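Here is what each chain is made of, one letter per residue.
6 protein chains.
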Amino acid sequence: MPTLTVTRRLHFNAAHRVHNATLSDAENRELFGKCNNPNWHGHNYLLEVSVTGPIDPKTGYVLDLAKLRDLVERELVSHLDHKNLNLDVPFMSGTNPTTENLVVACWKVLEPHIEPARLRRLRLWETDNNYVDYEGE
Amino acid sequence: MPTLTVTRRLHFNAAHRVHNATLSDAENRELFGKCNNPNWHGHNYLLEVSVTGPIDPKTGYVLDLAKLRDLVERELVSHLDHKNLNLDVPFMSGTNPTTENLVVACWKVLEPHIEPARLRRLRLWETDNNYVDYEGE
Amino acid sequence: MPTLTVTRRLHFNAAHRVHNATLSDAENRELFGKCNNPNWHGHNYLLEVSVTGPIDPKTGYVLDLAKLRDLVERELVSHLDHKNLNLDVPFMSGTNPTTENLVVACWKVLEPHIEPARLRRLRLWETDNNYVDYEGE
Amino acid sequence: MPTLTVTRRLHFNAAHRVHNATLSDAENRELFGKCNNPNWHGHNYLLEVSVTGPIDPKTGYVLDLAKLRDLVERELVSHLDHKNLNLDVPFMSGTNPTTENLVVACWKVLEPHIEPARLRRLRLWETDNNYVDYEGE
Amino acid sequence: MPTLTVTRRLHFNAAHRVHNATLSDAENRELFGKCNNPNWHGHNYLLEVSVTGPIDPKTGYVLDLAKLRDLVERELVSHLDHKNLNLDVPFMSGTNPTTENLVVACWKVLEPHIEPARLRRLRLWETDNNYVDYEGE
Amino acid sequence: MPTLTVTRRLHFNAAHRVHNATLSDAENRELFGKCNNPNWHGHNYLLEVSVTGPIDPKTGYVLDLAKLRDLVERELVSHLDHKNLNLDVPFMSGTNPTTENLVVACWKVLEPHIEPARLRRLRLWETDNNYVDYEGE
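Residue numbers (this note's numbering), protein chains in the order written: chain A, 1 to 137; chain B, 1001 to 1137; chain C, 2001 to 2137; chain D, 3001 to 3137; chain E, 4001 to 4137; chain F, 5001 to 5137.
One or more hints might be untrue.
[As the list claims (entries may be wrong)] Derived DSSO-like pairs: lysine-lysine, alpha-carbon spacing no greater than 27 Å straight-line:
id, chain 1, residue 1, chain 2, residue 2
1, A, K108, B, K1067
2, F, K5034, E, K4067
3, E, K4067, E, K4034
4, C, K2067, C, K2034
5, E, K4058, C, K2067
6, B, K1067, B, K1034
7, B, K1067, D, K3034
8, D, K3067, D, K3034
9, E, K4058, C, K2034
10, D, K3034, F, K5108
11, F, K5067, F, K5108
12, A, K108, F, K5058
13, C, K2108, B, K1034
14, A, K67, E, K4034
15, F, K5034, D, K3108
16, E, K4058, F, K5058
17, A, K34, A, K67
[To be verified] Which residues of chain F face chain E? A partial, calculated answer using Cβ under 10 Å:
id, residue
18, T5022
19, D5025
20, A5026
21, G5033
22, P5090
23, F5091
24, N5130
Rather than coming from a laboratory, the hints here were simulated on the basis of the structure. Everything numeric in this text was worked out from a predicted model, so none of it was measured. Note that CB positions come from ideal geometry on N, CA and C, so glycine has one too.
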């Protein structure tokens, strides 16, 4: 059967502060500017989850996107939506919540649950003008 | 000269918590659910500023949108972008930062600066799926 | 309290055929062209529900948009999504399902449920390039 | 029959220069800055044509949007698309091609052709961040 | 000459029903839920056609996108737009019209017509929230 | 550290004319049609700049997107925005300004400035319906 990549997009809204706890406050301000605001700021994040595999001849799907959506909502969105990325999210604990670090953490959470197809790429939009792609190690 | 309405769109990213300080924590949780998260959440806000007036025959503009953009950035966006709407914004002090209360506060700040044209409408998008319109008293 | 208009956007996917049952097949083909395909075609519809009212001083909301969303999903979207507008939708029975007739039917279903605020406008997008606005009688 | 407003969106790409021929070059540079570049610049314009009227009980349409599209393409888009607004467009001759002046000129061309429904509003987007609305005299 | 990938986006609106004719009705309902509605539903599909090749030094194009658009409209869109994917489309006959199966069928139709450049990828959006990519065998 | 690709989107508005100076006017008209209008036309271009590299453990960034934005604005956007691509842009001098040739020229200008990460892809949208990708030699 042909191999394709299917993508589902999901949204979550969160607060964060870009901050490296191993640096001084002055260094953080210098490095991160307004993104280091100690009172937080936030974004409407958009996550694109792409999964690759052959078409299942029974369903005509690579995988059922409704099931993929439910999986991503349970494993990721429910932990991220209307949360503070620095304070509320167990799998981000101790991590500077840049888009890069967030998308790598999401990969680690999600990847073991995708089967028999495999996770191909996560794309995370922080605003309409910037996004990050991660394809695993 | 014909009268038209011109609109400029601007973006800001902010954290907030929907919270009524005159109610108990339990009442706030009951009323606002996940929007009441004490650790905040956030949004990419999109503000549309609409101004009505006749075309100036010298410029062919109702007003110079670059000047309108600079005005809105100085009076509103610089106070809102990468801020906490509950803690950091003087003109929101003591106000529950719902989209409705935020757009009314923005109107009060901006309206005196729009002349000779007049402010016609502010539209504030909190996400791609909801927005609020205010046209003044 | 200031009066504002708040809008929630919702999606549904449906099949339809533009067809006037009081006309002959030939007249229908002549009037409606490819939109009259007897085997149906379909759209991703986008509905914008706009409600006007004063801000409730307790909540800071005109109304709770999560409750509005639940109401519209129960009264409209659950009857329209993944349905055939000519065959499956009780409140469209006997009606030629143009975007115009559909938005008027949606108004009649939804309007009695909006209170104390009042329904101000329904905007229904059939494609990215056309939409219809209805504001009641 | 209920009265509604239907809207069709159309695109055209054009070059222009914001320039008032009754002023000196220095005054034009001062007033219009980079928009006065004597070598032109350009935009992907998006025009939204809104027409109001009752639903025709025979068709279920306010008017046939395919016919409205053909009308706007013949009367406006064919004269504007891949053109220079200062040099190539008869109905803009002698006019400073700001978005405001352009939308008023489009109204004058289009309005006599809309019947029995009537032209309600033209919205012209110059970029994703600014647009102009004109509703006639 | 440098090698690039150029992409043209095209739209079509169609009805379909996700259904595997080799399974029972009960199995189809179980597998596909509301997507199996026997009365059909539909979508506004968006197809992105990506073609790779060197820049032609005469034209400065990989290929003329107006010609690519005409080709895709003739070979694909004219057979899909305002059609029923289960009933009306010869190249989908006997195929369960999931987005995956549809994009593979489109590839088989289109690929022989692309030359001297070669078809690189088809991306098919079924809604704003999901799409499928196919890059051939 | 994991390797990711980060993307920043930037806008510019420009006039151009597709024209091969080594061909006759008649050949140019035949090859390029309305895109060859001697009085120019124009577009709102959207440029996506994608850069690949490991996460810097100090910042949590592949690179600071605000610095990337400033770099692209200085090296590219300031030379392209509100300009004529045939007449005003030194790095396009003597080049037929198709989207393909423009994106290759942008790569040559930008690539030496990206370090220690490396430029991975430039995507240039000419309209909402077509874009070109270049990934270097």
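List in ascending order the numbers of the hints, as given earlier, that are violated by the structure. As far as the earlier hints go, 1, 3, 4, 5, 6, 8, 9, 13, 16, 17, 19, 20, 22 and 23 are violated by this structure, in ascending order.
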